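Trainee: Note that the protein sequences, when read in sequence, are chains U and V.
In this text, residue positions in the first sequence follow this note's numbering: the first is 1, and each later residue adds one.
In this text, residue positions in the second sequence follow this note's numbering: the first is 1, and each later residue adds one.
Hints may be right or wrong, so weigh each one.
One copy or two, it doesn't matter: identical chains are merged, so the pair holds either way.
[What the hints assert, rightly or not] Taking lysine to aspartate or glutamate pairs in the DMTMM-like style, the calculated list, with each CA pair at most 25 angstroms apart, reads:
1) Lys185 with Glu175
2) Lys136 with Glu122
3) Lys250 with Asp204
4) Lys169 with Asp204
For the record, the hints were derived by calculation from the structure and aren't laboratory data.
These numbers come from a predicted model, not from an experiment.
2 protein chains.
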Amino acid sequence: MGVVLSFEEYPAERASISPLVEITASGMQRVNRLVVERTRSDVTLIPEVARYLIDSGGKRMRPMVTIASAQACGYCGSEADVKLAAAVEFMHTATLFHDDVVDESNTRRGKRTARLVWGNQESVLVGDFLLGQAFKMMVEVESLEALAVLSAAAAAIAEGEVMQLTTAKNTETTEDEYLDVIRAKTAVLFSAAAEVGAVIAGSDRSVRAAFRSYGANLGIAFQLIDDALDYGGETPTLGKDVGDDFREGKVTLPVVLAYRRGSDDDRAFWRRTLVEGAIGEDDLGHAVSLLERTRALKDTVERARHYAAMAHDALAPLPDERAKAALLQAVAFCIARAH
Amino acid sequence: MGVVLSFEEYPAERASISPLVEITASGMQRVNRLVVERTRSDVTLIPEVARYLIDSGGKRMRPMVTIASAQACGYCGSEADVKLAAAVEFMHTATLFHDDVVDESNTRRGKRTARLVWGNQESVLVGDFLLGQAFKMMVEVESLEALAVLSAAAAAIAEGEVMQLTTAKNTETTEDEYLDVIRAKTAVLFSAAAEVGAVIAGSDRSVRAAFRSYGANLGIAFQLIDDALDYGGETPTLGKDVGDDFREGKVTLPVVLAYRRGSDDDRAFWRRTLVEGAIGEDDLGHAVSLLERTRALKDTVERARHYAAMAHDALAPLPDERAKAALLQAVAFCIARAH
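Could you build the full structure based on these sequences and the hints that come with them?
Mentor: Right, dumping it as structure tokens:
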């Protein structure tokens with residue numbers, strides 16, 4: 001099924017997550033069953049806490065990427081993809097538990113965080129439990145290559161969290177430093193999620209590299225769009241889900257750009273609100289107006305487009321048209337969220 | 001001297017190298033004198049070979065960046081900037097000598113390469129001599145911090161050259177892998193050139209980080225534009241300086257994109273010409289037409305614009321308007337070369 005691409009509009013995919021959801025539907029059903037199975041424990045607190053977050057409506061992008069990547073590479077087994085996808089989702093969930101404790105966050109996906117409901121210690125330890133279960137599932141797959149990819153990712157994520165401790169609340173952060181943080185925090189796991197799909201399909205070095213790049217660049221684009229959406233997206237509006245990053249004093253790319261491009265008064269405002277945490281009623285509105293005046297939100301989306309284009313080109317030469325199109329339309333969807 | 005920036009056209013600098021040339025003119029005179037002095041040797045072959053390349057009309061962007069960065073940071077000494085700038089230029093020249101031997105290149109800047117005129121051994125050893133002289137000048141500056149930055153750069157450049165040996169002539173190279181190569185080959189030295197200017201001016205951590213980012217991103221943009229220009233730029237024309245990379249079988253970003261986006265026939269063409277080196281009379285013309293059809297040259301310039309924007313934002317908060325404007329206009333100039 002050839003597709004005629006007009007290079008004048010390259011990349012030309014429609015922006016939609018539906019094809020990815022469709023082609024991974026049966027795999028994801030089994031992933032979800034496995035997630036339930038592997039959070040069982042005689043210590044009843046564990047499934048209770050774990051499922052509280054797992055069932056709270058995450059998009060499950062990462063395991064879908066693993067399932068679709070394996071499919072795109074012609075994987076024809078029936079278990080390894082599902083186990084690795086569940087492991088990836090557990091790794092992701094574990095970092096959310098730990099992040100909420102470290103950041104002292106009170107809400108996540110519109111609900112009170114587990115640390116508020118059960119406590120910090122419980123959140124840290126259930127996160128550790130999920131990491132342990134993730135490693136058990138990876139080992140069951142019996143692919144040393146897949147283990148190497150995912151264990152390297154786990155180490156890099158932890159390294160990135162420590163790095164973020166030392167750079168957090170620093171409004172002088174450069175864009176490059178911020179990129180290093182989100183490479184470790186987000187891109188590394190997306191990258192591993194995509195690469196292990198190719199690994200278990202027995203793909204060669206260049207195909208693995210293509211999926212590694214696809215995942216890493218999708219991850220960066222995804223995170224930058226999330227950053228922009230936290231202030232209402234490219235055309236900011238003060239909706240009800242806006243401002244979490246601001247209230248938590250997070251220095252994300254929109255802030256990095258607005259801070260660097262702003263006046264001395266602007267910079268004093270960002271330091272007062274984000275570093276000192278002295279946030280008044282009108283400050284979120286003022287923050288959004290500064291982000292708009294300095295074009296920081298538009299350019300955050302522009303930067304995300306660059307990484308989306310890289311993700312797109314990474315997958316370009318692969319033959320499986322259906323899975324590839326689904327993965328590429330997911331990239332376009334990720335960007336389109338910000339409009 | 002305030003500048004009113006319309007953020008609708010941000011970044012709004014004029015594209016010109018002249019301001020950078022002007023503000024570094026007196027410093028560069030002394031750099032050029034030092035270059036002559038430090039290539040003297042009782043072994044008469046050394047100045048002869050060294051000056052053959054040094055005097056062959058390079059743009060001396062890197063030492064200009066060091067001089068201007070020191071100035072932008074308020075450096076008020078009179079020697080360290082000049083010595084470090086000369087050291088940076090020597091490091092750059094040394095890698096050119098070694099590259100030409102490794103790549104078996106026959107022309108450089110429109111002249112026969114030194115290795116053809118004097119021989120490979122001579123080229124390697126004169127390169128080593130220049131590296132030695134570079135380190136001597138760095139040590140004379142007596143800044144351990146500047147030494148740390150430049151010696152780390154020297155190690156990273158060498159590491160990148162070895163990496164390139166293993167990835168060269170691989171048309172399956174991903175954009176990320178190619179970026180790793182040019183980060184090491186070009187961006188690292190630009191980054192160090194900019195950072196040491198801030199170091200000797202005694203700037204704090206965040207200013208150093210700003211210059212480090214500026215240099216690295218300028219270096220990437222610079223290299224990508226060079227890659228595009230080797231095929232005639234954004235609107236390709238087959239001028240007389242076009243096609244060196246093609247004839248040497250270099251896999252640069254335009255080729256990476258055209259290969260990935262192309263048909264099976266296209267990919268066979270790139271493998272035959274670049275990997276096997278079977279290049280016929282009409283092949284350069286065909287290569288350019290493939291680069292145009294796949295939008296590879298346009299998008300290489302587009303990618304370069306992304307890094308130029310990052311370089312721009314890196315320097316945004318610095319106070320010295322004159323030196324800063326010169327450094328930013330040089331970024332815009334670098335991109336404008338491709339039109």
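Trainee: Of the numbered hints stated earlier in the document, which are not met by this structure?
Mentor: none
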